[in-house]
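These protein sequences, in sequence, are chains A and B.
Numbering of the first sequence is given in this note's numbering, commencing with residue 271 and proceeding in unit increments.
Numbering of the second sequence is given in this note's numbering, commencing with residue 972 and proceeding in unit increments.
Note that these hints are calculated values from the structure, not bench results.
Note that the structure is a prediction, hence the values are computed from the model and not measured.
The C-beta atom is built at its ideal place from N, Cα and C for all residues, glycine as well.
You may find that some hints are simply not true.
According to the in silico footprint, chain B covers these stretches of chain A (three or more CB under 8 Å from chain B) [claimed, not checked]: (1) 329-338; (2) 348-359; (3) 439-446; (4) 519-529.
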Amino acid sequence: MRRYVIRRLVQAVGVLWAAYTLSFFILVLLPGDPVSAMAGAGADSAPVDPARLEALRHEYGFDQPVPLQYLNHLGHALIGDLGDSVATGRPVTQLITQALPQTLLLTASALTLAFVLGGGLALAATFSSRPGVRQLLLSLPPLGVSVPTFWIGLMLVQFFSFRNQWFPAFGNDGLKGLVLPAVTLAVPTGAQIALVLAKSLITTLDEPYIGTARAKGAGRRHVHLRHALRNASLPALTVAGLLVGQLMANAVVIETVFSRNGLGRVTQSAVNTQDIPVVQGVVVYGALVFVVVNLLVDLVYPALDPRIVLAPRRPVVAAA
Amino acid sequence: MVVLTGCGGGDSAGSGAGGSSTPKSGGTLTFAVGSDTGCTDPQQVASNDSIYSVRQLVDSLTDQDPQTGKIVPWLAESWDINEDATTFTFHLRDGVTFSDGTPLDAEAVKADFEAVPDLGALAGLATGYLAGVKKITADDPQTVTVTFAQPNAQFLQATSTHSLGIVSRASSKLSAQDRCTKGIVGSGPFTLAEYAANQSTTLKKRTGYAWGSSLWKKQGEAYLDQVVFKVLPEAGVRTGSLQSGQVDAIGNVGRADESALEAAGVSLEARANPGVVFGLSPNNAHPILKDAAVRQAIGYAIDRKQIADTVFNTGTEPATSVLAHTTPGYEDLSGKLAFDLDKAKRLLEDDGWSAGADGIREKDGKKLSLTITWFANSPTNQPSLELIQQQLRQAGIAVELQQNEISQFATILQTGDFELAWGNVTRADPDILRTQFSTSLANFYQVPETDLEKTLTQQAGTIDEAARDELVAQAQEDLVENAYTVPVVELQTKLGVAQRVHDLNFEASSRIQLHDTWLNGVE
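Please construct the entire structure, taking both the sequences and the accompanying hints into account.
Right, dumping it as structure tokens:
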């Protein structure tokens, strides 16, 4: 178990380094110039003095050779200093740590909702004995996956905020403001969980051991929840790791629609102004969250299925 | 043919129709804007969405009447300008203080203006206005003199803008970025209570304020207790929030949202932005665009009215000069900017450009194919240019559209790596023509050396209004006749304002002034 955890941790650090390095070079290679962006933000740009631009470029170290810039930045990043935002002058770590809790709260509520709604839907669909109901329920997840998130958000806001003022349309204030964005964000994620879980439940319910359990006189509900769900939830859990990445990406859109201040908004404005240190910081934090979630998923696996940890040492066990 | 008659609208002065008509103090105005530039220093911000809030924090030496364009007293009770417009002496009013309690005197103004060059590139507008300053002296506590090396008539109007709003001496000492992040202290009718990046800016009424602009209706303190600017990037959410009463006013109303807002009883306030209109500015040194006939043909081939009517919000006017009609010194050149496809074709034909098999003209084996560089900083840009692309094709001119991030704007202009550039510049002084088209300044558009330069320099040194207007008119004619730039449409600022809001007024640069604004239904 310890070696498993250590190996996973080393992998995690590798992923973080790769994310940092890749994002650095992609951002440097992009056309455009963050310093001119800084000087010419907005539509009404007056002519800019080239000497001033040069001075700013020097101040931010953009005039150094790229490999040197990379090493310099990496060195600072290792001690937790991601530099200052070019657009606002605020430290990147401060910008991110201020915005991160809001985004984590939003994505965590959305993920919880997604598991409850998606899982519930899959269970209900596979449990139902009436083919009509089953078909109807199973047709919902593909719909949920295919509808654009921002459209769901705008529709919810239209009905629950503009027409009936039950929830605020914007802002970060309190639980009430969290409901609409969390529901919006939960729809596509929940739909994917439902898709995977339903499919895996249907397959599992066909397994011989389920027949055995039934023959032994286990109740329908007992077989469904105790025997089938436990085995069928592994694929859904695997997907959950990926879904977190998707949730973070969707949060960029949702935070813009609902005007919530979070990592998504920070990212959006940083990309607009080509604020390289901030974009990089966001990429690194995104990778960090992703890595942590996947690490957790990997650690939960053995609890559900002990064979997974033992597998590398005793590959024979896999044969069933 | 069906004629639709619009109801409502009209030239309503002020906003809102229903309710009481006696102004009341108190209440909170919530105003939704689309973006936040992350800076709370009026001398550094250049985007309307940020200017709306920070403008309220500072007073300026002068103010500009949006109706007449005249410069009137604000912090300065009077001023003297010497014959050749190099020396400006301002006589400040007595008893003005910043919100930190320190006096706003000649020394404070001197410190403020002297700190501007250190803001550098971050304060492009302000540094531009003060370019060429020789010395600033505080003659006595109430008198400050600014001397320039060259004639600089635009400086008087510049002192009325948010960019030269006066900040306290403590704020002048801060670095450019500290001013952005920590905020500045001004003497304005409102103070900054809270700033949450990307989310909101909260302003509180300054109690004891007693030195407003001579244009304001109310003496002393503002009516509103508090103003909250919310950042709502989604246009649909801004519109819906206003319709459902969650906010009181919004900026950037698009054409698609007008009818829904009007149906909800919201009043739409509009004013054309002064300055250089939206248009195509050729790189006048480009091998094809060097040819005046080609530039002029582009001008005749564009149906400006069609663009204004289909893409921009209702009431937007086609360009009738290189300056918008709200700019002082504007000259109506609509006759020279008429849509005339036949004339465009004839110009090109006579110039040796004959139509090829695909309808695109050719000359010496070269196709009449051009690229328009544009930036995604306004939702109207793409549809406008797609329409222009179709219109120019009718005359046999092929156009390719090249979109760029706004962050590349300065670089592209500086390197001259463009053929035609699409854009506008807001400024309520005709000197903007010199800033944009003088050959002795940056000359981004590579305008050739002609008499235009002389006219532009002369107007910069002319104080006499009539004489200056004449020079400015001549410069406009010169620019339009030679098509050094091709004006297309006047940008209009359109706000949606709830009925309970009164006197939310435009200032001369089509931004807002909230000192006189008041709310209905306030206890």
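For each hint, the structure was consulted:
1. 329-338: Our answer is that it is violated, as 0 residues pass the Cβ test (under 8 Å) against chain B, missing three.
2. 348-359: holds (count 4)
3. 439-446: It holds: at least three residues are needed, and the region 439-446 of chain A offers 4 whose Cβ sits within less than 8 Å of chain B.
4. 519-529: holds (count 4)
Consistency note: the structure conflicts with earlier hint 1 alone.
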